[in-house]
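Number of protein chains: 2
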Amino acid sequence: MGSGIRCILPTERRRGAIRLAGNGGQWPASGVNDDLQTLFSFLRFPSVSTDSRHKGDVRACAGWLADLLNSSGLSAVIHETPGHPVIVAKNLHRADRRTVMIYGHYDVQPADPLHLWTTPPFEPQIRDGRVYARGAADNKGQMLAHVLGAAKTLAGSGDLPVNLVFLFEGEEEIGSPNLGPFLAEHAASLKADMIAISDSGMVAPGVPTLGYGLRGIACCEVIVRGPKGDLHSGVFGGAVANPATAIARLVATLHDADGRIAVDGFYNDVRPLESWEREAWAEVPGMSDVDIAKITGAPALFGEPGFTSAERIWARPTAEINGIGGGYQGEGSKTVLPAEAFAKLSFRLVPDQDPEDILAKVRDHLVRHAPRGVEVEVLPGHHGKPYVADPGSAFGTAASVALSRAFGADPVRIREGGSIPIVRTLSETLGADTLLLGLALSDSQVHAPDENFPVAHFEGGIRMQQALLEELAR
Amino acid sequence: MGSGIRCILPTERRRGAIRLAGNGGQWPASGVNDDLQTLFSFLRFPSVSTDSRHKGDVRACAGWLADLLNSSGLSAVIHETPGHPVIVAKNLHRADRRTVMIYGHYDVQPADPLHLWTTPPFEPQIRDGRVYARGAADNKGQMLAHVLGAAKTLAGSGDLPVNLVFLFEGEEEIGSPNLGPFLAEHAASLKADMIAISDSGMVAPGVPTLGYGLRGIACCEVIVRGPKGDLHSGVFGGAVANPATAIARLVATLHDADGRIAVDGFYNDVRPLESWEREAWAEVPGMSDVDIAKITGAPALFGEPGFTSAERIWARPTAEINGIGGGYQGEGSKTVLPAEAFAKLSFRLVPDQDPEDILAKVRDHLVRHAPRGVEVEVLPGHHGKPYVADPGSAFGTAASVALSRAFGADPVRIREGGSIPIVRTLSETLGADTLLLGLALSDSQVHAPDENFPVAHFEGGIRMQQALLEELAR
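Residue numbers (the working numbering), protein chains in the order written: chain A, 3 to 476; chain B, 3 to 476.
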């Protein structure tokens, strides 16, 4: 799952918030249609990519998926990698038709903590109109909608109106280590005019959402070192700089008092928001300042002056301290003057900021602002470029129409605040725009217990895929 | 052990820095005199007060000590408390003589990590002129010197020139929870004109050291709360304040850029240094700026402008962050925007600062500087008042002469940077000045593996006790 789902991380999930529905909430067995039965079969594979004990399950799931694709009238190939397999499935391609790639992943996150699940994670159940299972939203439910949509069109007309390439990997949840090399090796046979991914969310139930941008990221860790060992703060305090104080003073220089980032040149390459974006985003459901305050539970909103919450999240860069630590972490007090302290920083970037340029500027800033009496080391971490496509392109228009046909409402056009590195990899390797047709919800509990996916979004997703193929053929 | 020993805490002890001496370094068995044999017996009790499995050992140690006191010609009583016993021993008191109390403690810190000891912690050994064992310096070696000194004088003349009260507790290492009530209950029978404690250190080997002051302490914890749960920093970053950033910005307001404490009124009640102190301290061995830089290994010294390291440590207050934490603490990166973050603060105080007044001022400061978008809570912690006595008093002069007779050099007069709450309790309850006649060294490894105590300081301590009784009688 890309990070387009607005999630409260599982550590803070309010227990018991999701209760077993009464009988009325249970989907009657007779009401589970074939499409849902197929989804249930898919969800029963514990295809946990990070856990070597599930290697056989991941493999079995890939085999099941390839069989489904082949029986739908596509031609599927299981490609071995050093890790879990990549599946590529195509219809018969014709030179006079556009080629669309649909990317998805059939691996899932681990299901623990198991005791927080209302029903077992690999025994799918429907309650109150949602499918509950690990992978229901991330990503099996979303990707299967595309597969079943294509299968229905094939079953109906014996052909698809476009060249279709399904690209399904089994390692998204572990960072797609083998997909980049696979794409580079098979770039010629994977050539596409456009790429669609449903691995993110809608802004609200039933509100079709077209994502055309992502923030990039640049991470680093800064370590402040003082005395050679932890000192007694009574015996030495006052005579040597305290690294815990120093790390606080250092990272406090990253912003000005109003919340702007104070690193020299940080905003140099930031592309201003288009005026249509500001207008459109003001209307996006679930993204008003009131909504964001309610979802996050923050005492008050706070961010860069002059922008709304949606603008701050989707189109403005940030500097965040993801972790800070030094000295005594236990209960009560311990009068230690720690030898070192650290802060883990990440910067969300927007077009046209370059992660390596930003990391260099941040390093300069941190070294220049090093407090007296300590040494500062900056360790660069992973990074990825921001991404933005044109939602007004032919592809964007086709996707918009498909969304509106499938869900009976005009889609909202948004960017995502998170970073999905594979989007950039796909677009750069295959030379095509990527759009995000997310179907999950902010309370779909992705990566958390009681993951779920609305049946209506699954069914809408199937219609969306059929409409998308038709619209792309125009 | 009071905090007067300059210690690198055990977590950062450089392993292997202390090696087994060759045969030449071993004290030959025949060379261990009766006093050292007595010390060895004392050290063999694993009188670890914090560990209930050692309750019997603590009790046995108290019994052994009472027997030793009684057999020396004193009258010892073991007083039960809700915890470990207090032992009080006296000679026959006469109304026309001064009364001196010697305080000490027979309990010790736990010995773990055991694997870092060169020889077992409760099997004392002498190497290179030092006794190695848990409790050798803290506090058995130091307090036993006083006992043996008194015993020798008694053995020699059949009487002591002053009224003597030994007060030995078994709970110093767990914060003396029962000593305060014991003192209050027995204040009348414990009345003394002066109190001496050897539970700290000399500034350098063989340099007799008279401590006449201690810093106080005031602790608190500040917690910054933002969103109701941890958030994905991509999905919400930019729109809500980050508590990890906020805690850094908040505690960064505690000092100005030069290292002065920026809390309003913080220095109001600070008693200026006496000019004789500044002159005397400039000459104290081991406390020059060069010494402090070398001992701590800090890249550079840093502290309040206008003061030397000794002055900053002994006579100026501090604000230290003993711990700071929030968000991801593990390896690598995790793009979390944490729900809360904390800092554990302690303030070392000097006469005439009042801990409760300082805590109130600090709370005001933190609340007033609360960053936007978060809530700030300040939890007050333990505190103790600073202490200073007059080293030029009759008692101070007698102690100085005793130190100089015992060690063949004039004592240096210092304050301690740490805080020993019991000093204040003793002085206030019994209405007498307390002086610190520390005998350990900065590398005595108190509270750490390979704790040790110089044989020469043990022997000097015995002479010091004999001389002290004589000088106090003048």
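Accuracy of the hints is not assured; some may be wrong.
Copies of the same chain are indistinguishable here, so a pair counts whether it falls within one copy or spans any two.
As the list claims (entries may be wrong) - The calculated EDC-like cross-link candidates involving lysine to aspartate or glutamate, where the alpha carbons are at most 20 angstroms apart (straight line), are:
hint	residue 1	residue 2
1	Lys193	Asp445
2	Lys230	Asp293
3	Lys154	Asp69
4	Lys336	Asp114
5	Lys193	Asp130
6	Lys296	Asp366
7	Lys230	Glu358
8	Lys336	Asp195
9	Lys92	Asp195
10	Lys296	Glu279
11	Lys363	Glu223
12	Lys57	Glu82
By construction, these hints were calculated from the structure, which means they are not laboratory data.
To see whether the hints hold, each was checked on the structure:
1. Lys193 - Asp445: neither (35 angstroms within a copy, 70 angstroms between copies)
2. Lys230 - Asp293: Only across copies: Lys230 and Asp293 sit 14 angstroms apart there, 49 angstroms inside one copy, limit 20 angstroms.
3. Lys154 - Asp69: Only inside one copy: Lys154 and Asp69 sit 16 angstroms apart there, 96 angstroms across copies, limit 20 angstroms.
4. Lys336 - Asp114: For Lys336 and Asp114, only the inter-copy Cα distance (18 angstroms) is at most 20 angstroms; the intra-copy one is 34 angstroms.
5. Lys193 - Asp130: neither (41 angstroms within a copy, 78 angstroms between copies)
6. Lys296 - Asp366: neither (38 angstroms within a copy, 29 angstroms between copies)
7. Lys230 - Glu358: neither (32 angstroms within a copy, 33 angstroms between copies)
8. Lys336 - Asp195: Neither: 62 angstroms inside a chain and 34 angstroms across chains, both beyond 20 angstroms.
9. Lys92 - Asp195: within (14 angstroms within a copy, 98 angstroms between copies)
10. Lys296 - Glu279: neither (23 angstroms within a copy, 60 angstroms between copies)
11. Lys363 - Glu223: within (14 angstroms within a copy, 34 angstroms between copies)
12. Lys57 - Glu82: within (13 angstroms within a copy, 64 angstroms between copies)
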